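Q: Sequence:
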Amino acid sequence: MRKKGLQITNDHGWTIERLQEQERKMKKANMAKRIAVIRLIMQGFGKLI
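Read in order, the letters of the sequence shown correspond to residues 1 to 49 in the UniProt record's numbering.
Watch out, some of these pointers could steer you wrong.
[To be verified] Straight-line distance between alpha carbons at most 35 Å, and here's what the computed DSBU-like set of lysine-lysine pairs gives:
| id | residue 1 | residue 2 |
| --- | --- | --- |
| 1 | K47 | K28 |
| 2 | K47 | K33 |
| 3 | K25 | K47 |
None of these hints come from the bench; they were simulated from the model. Just so we're clear, the structure is a prediction, and the values are computed from it rather than from any experiment.
Kindly produce the complete structure, drawing on both the sequences and the hints.
A: The structure is reproduced here in structure tokens:
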């Protein structure tokens, strides 16, 4: 049985902590949101119902 939800298959060496730092440094709000979505999926918040 497959696990439902979103998964990051290749994190390219980024850790959750480094992504949080990048979110804070990002001047463009749109890019910060994209980084936040990736971080949340990596943390396990991308589960589908």
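Q: Below or equal to 35 Å on CA atoms is what counts here, so check K25 against K47.
A: holds (27 Å)
Q: Holds or violated: K47 with K33, Cα cutoff 35 Å?
A: Judged against 35 Å, a Cα distance of about 18 Å means the pair holds.
Q: Holds or violated: K47 and K28, Cα atoms, limit 35 Å.
A: holds (27 Å)
Checked against the numbered hints given earlier, the structure satisfies every one of them.
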